[in-house]
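Participant: Each chain is listed here by its residues.
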Amino acid sequence: MKAYLHDLRHVLSGRVAVLALIIAVAGSAFAYGAVAGQSGTTYVNGSGFDYYEGGAYHIDLWVFGISGEPLGGVSVELSIGPWFNASGGSSWFNVSQVSDSSGQLQFVVPVQNGSYSVQTYVSYGGVSTTALQLGGALQGFELAPAPGGEIGGLDPVTPVSANYYDPVAKLVAIWAGANGSLPHGAQLVYCSSASADSGNPPQNCSGFPTYPLGVLGGFRTIFPQPQVANATWVIVELTDPQQGVVDSVSYTGQNTNGEPIQPGATLVVSPPGEFLLNSFLLEEAPLIALAAIAIAYVSYAQARLSGTLEPVLVRRVTRRGILLSRYVGTTVLVAGTVVLDVLFLDFAAETVLGQPLPSAFLIPLIGSLLADGLAFAGIIYLFSHVFQTTRAVVAAGGAVGVTFGVLWGTLSSLFGGSGTAYGSSSVGFATTQLRLWAISPGQLPYLSSGFLSQWGTIGYGGSQFALAGISTGLLATVAVLWIGLPLLGALWLATVRD
Amino acid sequence: MITLRDVTKRFPGRSLPAIEDIDLEIRDGELLGLVGLNGAGKTTTIRIAVGLSVPTRGSVIVDDFDLSHDKVRASQYIGWAPELFPFDPLAKALDLLTFYAGFSGLERKFGRAQAHELLARVGLESAESQRIRTFSLGMRRRFAIAAMMMGDPHNLLMDEVLSGLDPRGLNFIRNWILEQKHLNKAILLSSHLLSEIEAMADRVALIHEGNLLRIVTRDDLARAAAPLIRLKIRQIDTDGLRFLQGLGSVREERDTILLANPTLALPDIVSELVRRGYKIDEARAENQSLEAYFLQAIDADS
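First to last, the protein sequences are chains A and B.
Numbering that gives the first Met the number 0 puts the first residue of the first sequence at 0, with every later residue one more than the last.
Numbering that gives the first Met the number 0 puts the first residue of the second sequence at 0, with every later residue one more than the last.
Think of the hints as simulated: they come from the structure by calculation, not from any bench.
This structure is a prediction, so every number in the text was calculated from the model and none was measured.
Note that beta-carbon positions come from the ideal geometry of N, C-alpha and C, so glycine has one too.
There could be a bad hint or two in this list.
Stated by the list, open to error - SDA-like, lysine to any residue: derived pairs with alpha carbons at most 25 Å apart:
| hint | chain 1 | residue 1 | chain 2 | residue 2 |
| --- | --- | --- | --- | --- |
| 1 | B | K278 | B | A299 |
| 2 | B | K91 | A | R14 |
| 3 | B | K231 | B | E178 |
| 4 | B | K91 | A | I21 |
| 5 | B | K231 | B | A264 |
| 6 | A | K1 | B | E106 |
| 7 | B | K108 | A | E309 |
| 8 | A | K1 | B | K231 |
| 9 | A | K1 | B | L105 |
| 10 | B | K91 | B | T133 |
| 11 | B | K91 | A | S12 |
| 12 | A | K1 | B | K91 |
| 13 | B | K91 | B | R139 |
| 14 | B | K108 | A | L4 |
| 15 | B | K91 | A | L11 |
| 16 | B | K108 | A | L11 |
| 17 | A | K1 | B | S288 |
What the hints assert, rightly or not - To list a few chain B residues with every Cβ distance to chain A over 12 Å, as calculated:
| hint | residue |
| --- | --- |
| 18 | D63 |
| 19 | L89 |
| 20 | E124 |
| 21 | T133 |
| 22 | L177 |
With the hints as extra help, turn the sequences into a complete structure.
Facilitator: Set out below in structure tokens:
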């Protein structure tokens, strides 16, 4: 045992420990990014409309903050293109403005009526595009051919969709009527659908009773989002006496678009919860999967396949014993990385958002991330006994890591099929999706997060877990199988293959 | 003492075994040479004997401990110097040896002292802070010897540690090996330098295509040292060669014909060749070397 502890100490004090520390720092940066993304201070949303008149596109934008409040002093540059200029080459047309105190920007772009892609570059309060959390039109949009008298590609009605922080969810309607004239009699109406098909909203209010929401009082009007009990979908339409229905939006009726807010709360930022976890895990889960692969590779596979483990193996140890001591070392380093990152997330949440993570989140979060990492670490241990070269181990381990640790969320949608996603049964889609996710250790942190926060994204309030037959016990079994089987395989091969 | 009993190793995906039914005994105070062509199975035999490879069949007994069942205790009596250089190239010599010392149960302070002493003994005291990757081949061989000696094992197995050395390095390691032999250690030395094996080994194990052909002692070699006649004949033709092949085993080396185990004495052979009209530039008799003996044994096996 003393020899194995000696070997373990060597692993924990060697180069691989430095690697783990670097990874932990990267994870901490992700944690801070997730918290900063929720801080609300850098959230800039945008909405607007466009029309073509006098040989130019007129693009009217309003920029507003997390609660729909107008934001002045937001610098927006539009980069419009490509189109072919007189000399036959393609080029981009750039215009920029700073929003006034009402958050308004008015661009005139002298290009031909046609189709264009518009990229946006935003800075606000000295913060550049890459650091801002942008919403709506500020994420870029398309300019579509707009015959005179009609609006183009921008949507004039926008739910304040990422409004996690406002006690009252809102709709922002930005509409100047045809050719930018003030609207006369334009109003918002809404209807609701109780259809069981929660993945497929009705296209419009045709066939449903409509109710007035309010009349537009100017270029920019804010309405409360109508909430309808027992409705699957709520559809809001902007109607104009002259043009009929100009635009419509729909959202699920069972929950608001934002994080549930306690009645009467006056939060500026939401408490750390699902949004923060998902934002953190989006980067941390793949990081831990790949980090565990790297740590396992450096601490064992590379040493074994390059032969540098052999001078150790001829000493008073067994192959299994050294494999296990290295695996324990890998586990400690991966666990250390995960714990440091989660604790930093907790610290950053408390410092920036004013509240730490709920304590009940910590153990499942750490456990699922550790399971994510150890599953891939074990595969590297196994592969180092299956393949004969370091290249083969890196290639095979990397392929498994990228497939199941990074891309599985995307790949699984291919198996589920887009037809299923938007087909007749979104319940079936979500069930298939959840079951596919449960296969992969890389998804365990997301699924654990879903359980923790009563998932609204795919699980529809968490009920989908039960429909899909997914329980915390099943996830634990998946984790044990992913961790245990490769390790057992490696231990077996270590004694019979060499 | 290390005993290999009926050791066979089959690698997955290969039809023939790498080694088959190898029986070897490396006795205390003895240097056993292990010779064979490339791919004969020397390195596989050594890797099994030190516990790096698992035999498909058979057993390895190290000073009464079965390596398969009691590796931890058996390994404390084994030292291994590999042919290739499997040491972490980024590690510093003293640090790496100190790490190995930890497996001998030494506290870090004492392990470091022993590592320092071993490096000094192999002439690497001035390089103990150098990274392994900066070592020359001769330094690497010396470091491998130092790593092997950590824990002062009783049985030393060395794989081609004499290859590629300059005369000074060769002399150092040769003397060091003989010194260990005089300390009553059991030594297995594989090498392609048959003259070195011939000069140092008490017994020589000949291995060919995974099979142990025979084990010969120095006395066996002396007894088997049948005369070898070296002839340089101008314009030898097929009739002349056929005549010589009727007298013994013929091998050609550039412009020289080597006739092993001739049935006629040298003067008689020369007379007969002259009578047949051949002109002889050189003719001399010498004793067969281990190399000739080895090649002959391989030929006989084939």
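Participant: Decide, hint by hint, whether the structure agrees.
Facilitator: Tested hints:
1. Distance restraint check for B:K278 and B:A299: the Cα-Cα separation of roughly 32 Å exceeds the 25 Å cut-off, and the hinted pair is therefore not satisfied.
2. For the proposed pair B:K91 and A:R14, the alpha carbon gap of about 13 Å is at most 25 Å, so the pair holds.
3. Distance hint between B:K231 and B:E178 is unfulfilled; the C-alpha atoms sit about 42 Å from each other, more than 25 Å.
4. Between B:K91 and A:I21 the CA atoms are separated by roughly 23 Å; this keeps the pair inside 25 Å, and the hint holds.
5. Pair hint B:K231 plus B:A264 holds up; C-alpha atoms about 16 Å apart against a cutoff of 25 Å.
6. For the given pair, A:K1 sits about 10 Å from B:E106 by alpha-carbon distance, which is consistent with the 25 Å threshold.
7. With a C-alpha separation of about 24 Å, the suggested pairing of B:K108 with A:E309 holds against the 25 Å cut-off.
8. A threshold of 25 Å between alpha carbons decides the hint, and for A:K1 with B:K231 the separation of about 67 Å lies outside it, so the pair is violated.
9. For a cut-off of 25 Å, the pair hint linking A:K1 to B:L105 stands: about 10 Å separates their Cα positions.
10. About 10 Å separates the Cα atoms of B:K91 and B:T133, which keeps this hinted pair within 25 Å; it holds.
11. At roughly 15 Å between alpha-carbon atoms, B:K91 and A:S12 fall within 25 Å of each other, so this suggested pair holds.
12. For the hint linking A:K1 to B:K91, the alpha-carbon distance of about 23 Å falls within 25 Å, and the restraint holds.
13. The suggested pairing of B:K91 with B:R139 holds, with an alpha-carbon distance near 12 Å, which does not exceed 25 Å.
14. Only pairs whose Cα atoms come within 25 Å are accepted, and B:K108 paired with A:L4 is accepted, the gap being roughly 17 Å.
15. For a cut-off of 25 Å, the pair hint linking B:K91 to A:L11 stands: about 18 Å separates their Cα positions.
16. Our distance criterion of 25 Å between C-alpha atoms is met by B:K108 and A:L11, whose separation comes to about 19 Å.
17. Distance restraint check for A:K1 and B:S288: the Cα-Cα separation of roughly 50 Å exceeds the 25 Å cut-off, and the hinted pair is therefore not satisfied.
18. Non-interface call for B:D63 relative to chain A: holds, since the shortest CB-CB distance, roughly 16 Å, exceeds 12 Å.
19. Annotated as non-interface, B:L89 brings its C-beta within 12 Å of a C-beta of chain A; the closest such distance is 7 Å.
20. Residue placement check: B:E124 keeps its beta carbon more than 12 Å from all beta carbons of chain A (closest about 20 Å).
21. Every CB of chain A lies more than 12 Å from the CB of B:T133, the least distance being 16 Å, so the non-interface label holds.
22. Residue placement check: B:L177 keeps its beta carbon more than 12 Å from all beta carbons of chain A (closest about 23 Å).
In the structure shown, a violation is registered for the earlier hints numbered 1, 3, 8, 17, 19, in ascending order.
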